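Enquirer: Just so you know, the sequences run in chain order A and H.
Heads up, the first sequence is in this note's numbering, so the first residue is 1 and it goes up one at a time.
Heads up, the second sequence is in this note's numbering, so the first residue is 1001 and it goes up one at a time.
Misleading hints may appear alongside valid ones.
Unchecked claim - Listed below are the simulated EDC-like cross-link pairs for lysine to aspartate or glutamate, each with C-alpha atoms no more than 20 Å apart in a straight line:
| # | chain 1 | residue 1 | chain 2 | residue 2 |
| --- | --- | --- | --- | --- |
| 1 | A | K181 | H | E1084 |
| 2 | A | K181 | H | D1091 |
| 3 | A | K72 | A | E245 |
| 4 | A | K72 | A | E54 |
| 5 | A | K181 | H | E1155 |
| 6 | A | K79 | A | D242 |
| 7 | A | K72 | A | D242 |
| 8 | A | K181 | A | D195 |
| 9 | A | K181 | H | D1065 |
Hint data in this document are derived by calculation from the structure and do not stem from the laboratory.
Here the structure is a predicted model, which means the values were calculated and not measured.
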Amino acid sequence: MSNLEQTASSVAFDAAQPSDNAVSRAPKVPFEIGRRGLLLLSWLAPVVLLIVWELLAQAGWLSPQVLPAPSKVLRTAFKLAASGSLLNDLGISLLRAIGGFTIGASIGFALGILVGFSRIAEAAIDRSVQMIRAIPFLSLLPLVIVWLGVGEAEKIFLVALGVTFPIYINTTLGIRQIDPKLIELGRVQGLGTLDLIRRIVLPGALPSILTGVRYALATAWLALVVAETIGAQSGIGFLAMDAREFLRTDVIVLTIVIYALIGVAADAIARTFERRLLAWHPNYGGAR
Amino acid sequence: MTLHVAPSSTAASPAVVVTHLYRAYGSRVVIENLNLRIERGEFVALLGESGCGKTTLLRALAGLDPIDGGRIAAPRRPAVVFQEHRLLPWDTLWRNVALGLQAADVRERAAAALAEVGLGDRLDDWPRNLSGGQAQRVALARALVQEPELLLLDEPFAALDALTRIRMHHLVRELVATHRPGVLLVTHDVDEAIALADRILVMRDGRIAFEHRTSGARSIARAELLAELGVVASHPIPA
Ligand SMILES: Nc1ncnc2c1ncn2[C@@H]1O[C@H](COP(=O)(O)OP(=O)(O)OP(=O)(O)O)[C@@H](O)[C@H]1O
Ligand SMILES: [Mg+2]
Chain A
1 MSNLEQTASS
11 VAFDAAQPSD
21 NAVSRAPKVP
31 FEIGRRGLLL
41 LSWLAPVVLL
51 IVWELLAQAG
61 WLSPQVLPAP
71 SKVLRTAFKL
81 AASGSLLNDL
91 GISLLRAIGG
101 FTIGASIGFA
111 LGILVGFSRI
121 AEAAIDRSVQ
131 MIRAIPFLSL
141 LPLVIVWLGV
151 GEAEKIFLVA
161 LGVTFPIYIN
171 TTLGIRQIDP
181 KLIELGRVQG
191 LGTLDLIRRI
201 VLPGALPSIL
211 TGVRYALATA
221 WLALVVAETI
231 GAQSGIGFLA
241 MDAREFLRTD
251 VIVLTIVIYA
261 LIGVAADAIA
271 RTFERRLLAW
281 HPNYGGAR
Chain H
1001 MTLHVAPSST
1011 AASPAVVVTH
1021 LYRAYGSRVV
1031 IENLNLRIER
1041 GEFVALLGES
1051 GCGKTTLLRA
1061 LAGLDPIDGG
1071 RIAAPRRPAV
1081 VFQEHRLLPW
1091 DTLWRNVALG
1101 LQAADVRERA
1111 AAALAEVGLG
1121 DRLDDWPRNL
1131 SGGQAQRVAL
1141 ARALVQEPEL
1151 LLLDEPFAAL
1161 DALTRIRMHH
1171 LVRELVATHR
1181 PGVLLVTHDV
1191 DEAIALADRI
1201 LVMRDGRIAF
1211 EHRTSGARSI
1221 ARAELLAELG
1231 VVASHPIPA
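Only chain A is shown next, with the shape it has when bound in the complex:
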C-alpha cells in the first residue's frame, strides 16, 4: 500500500519536471516495455482492419465497385507507376502544391511580420485579414473559377489562399508572444533594429511560425484536392475523377492513399525542421 503510494507520488513528481533529465531517467526502465507494448497495440487495429478488408474483398462480400481489395490497389499502383502516368500526375500535383504554398507562405509571413512590428500596419491590415479569414476559403472556389477559369492559376491561387492565413496568424502571434524583457535586453546590449529582429524577434517567434507552417501544409493539401477534383486535366485529383467515369475504384482508392501519404510525408518534413531549428526548445527535439 505505502509502496504503491510512493510510486504514484514519484511518477507525479517526474511528470511535473519533464526537463529534468536526472530525475526522469530513473524510472524509465519499467516504462520502456509498457510504451513498446502500447505502440504495438496502436498498430494492431489498423492492421486487423486491413486484413479483414482484404478477406472480405477476396470472399466476394465486398463488391469491387464499392471497395477494391487492398492487394488490387497495390497492383494498380505498380501498373500505373510502370506506365509513368502516375509519376507524371504526382509531379504536377506536387508542383502546384509547392507553388501555391510558396506564394501563400511568403504573403502570410510578410504581412505577419509587418503587423507584428507596426501598430500602424496592425490597425490598417489586421481587421481586414481577420474578416477575410472568417470565410471558409474553399467556399471561394466558384468565384475563383469565374475569375481565373479552371487552369493552373486557379489551383495555385486556391492553395496560396489556404496557406496565407495560418502563416499570417501564427507569425503575428509568435511576434506578440515574445517576452518584452528580452527585447529590452537587446536594447541594453546595443542591438540595432535589424539585429533585434534577427537575434531576438524571429527566433522567438519561430516555434509559432513553424506551427503555422504545419497547419498550412494541411490546408494546402486540402485546397489542392478540391481544386484538382473540379476541372483538372492532370494531377492526382484528375486521375481520381477520370477513374470515377469508369468506376475504377482501385484507382480512386490509390489516389486517396497517395494524398494521405504525401500529407504524412510533408508533416514529417515539417517536424524534422522543427527538431532542427528548435533544438533549444524543451518541447521539441532533446538536443543538448
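Fit chain H with the ligands to the known structure of chain A by using the hints.
Expert: Coordinates of chain H with the ligands only, in the frame set by chain A:
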C-alpha cells in the same frame, strides 16, 4: 533622453554623473532632485525600501526609460544585469554572451568571458541546462564582455540561494577588480552591500538620503566569519 559624452580631460573621470534628476510616472513623482556621481572602479550599493525608486533610477541610468528633468552624463552605454538572467533560450551560451558585441574575434572574447565566470567548458551548451546561479554568471559575463565603464546591477543575486549568493559576491568582486567599471548595485541585502560596496547609499523620498563609506573593519570581520563557515574568498577583501 540626455546621455551626454563627458569630456575625458577631467583627472578622475567618473563613470556617471547624475544632476538634479527628476522622474515621475504621471502625477506620482518617484525621483526628485537626485544627484549622484560614481567614479570608474568604484563600487556603489543602493539600498532603500521597496518602491522607493531604485529600479526607476537604474533604468534611467541604463537609458531604458526617459527622464523628466535633470541630466545624466555617462561616457558610454552602461551594461546591465537584471534580477532575471534574460538569456536567449535559442542561443548557445557563447552566442548569448556575444550578443551585441562588435568585434572580429567575437567567439574568442565570449569564450574568455565565460571562462572568467567559470563556465569556459560550456560554450555550446543551452541556457536551459544551467542552474540559476550559472545562468546569472553568464548574464554577468555578457555584461562584462562589453568592457563597460558603468555596470548596473538590479538585485542580480536576489533569486539565488544564500551560498550561491556568497560565491557570486566573490566572483563579482574579482571581476570588478579586473575590469574596474563603476558599479551601481541595487540590493535589499544590507550584508551584501557591506560586503561588496565602497560606498552605500540609501534612497528615500526620491533622492539619496544617506551615504556611508564602508570601513574596512566590518568587511574584514565578515570575511573572517565566512571563512569560518567554509566559504573561502579567493581574493582577500581589501581594507
Ligand atoms: N511603469 C510604471 N508605471 C507607473 N508607476 C510605476 C512604474 N514603475 C514603477 N512605478 C512606481 O514607481 C515607484 C518606484 O518603483 P521602483 O520599481 O523604482 O521601486 P524599487 O525601489 O525598485 O522597488 P523594489 O525594491 O521593490 O524593487 C513605485 O511606487 C512604483 O509603483
Ligand atoms: Mg526594483
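Enquirer: Take the hints in turn and mark each one as holding or not.
Expert: The hints, checked one at a time:
This hinted pair checks out: A/K181 and H/E1084 have alpha carbons roughly 9 Å apart, not beyond 20 Å. Distance hint between A/K181 and H/D1091 is fulfilled; the C-alpha atoms sit about 16 Å from each other, no more than 20 Å. Simply put, A/K72 and A/E245 have alpha-carbon atoms about 19 Å apart, close enough for the 20 Å limit, and the pair holds. A hinted pair counts as satisfied when its Cα atoms are at most 20 Å apart, and A/K72 with A/E54 qualifies at roughly 9 Å.
With a C-alpha separation of about 16 Å, the suggested pair A/K181 and H/E1155 falls inside the 20 Å cut-off, and the hint holds. In summary, the hint linking A/K79 to A/D242 is supported, as the alpha carbons are separated by about 16 Å, within the 20 Å threshold. Note on A/K72 and A/D242: the hinted pairing holds, with a Cα-Cα distance of about 18 Å set against a maximum of 20 Å. A distance of roughly 16 Å separates the Cα atoms of A/K181 and A/D195; the hinted pair therefore holds under the 20 Å criterion.
A threshold of 20 Å between alpha carbons decides the hint, and for A/K181 with H/D1065 the separation of about 13 Å falls inside it, so the pair holds.
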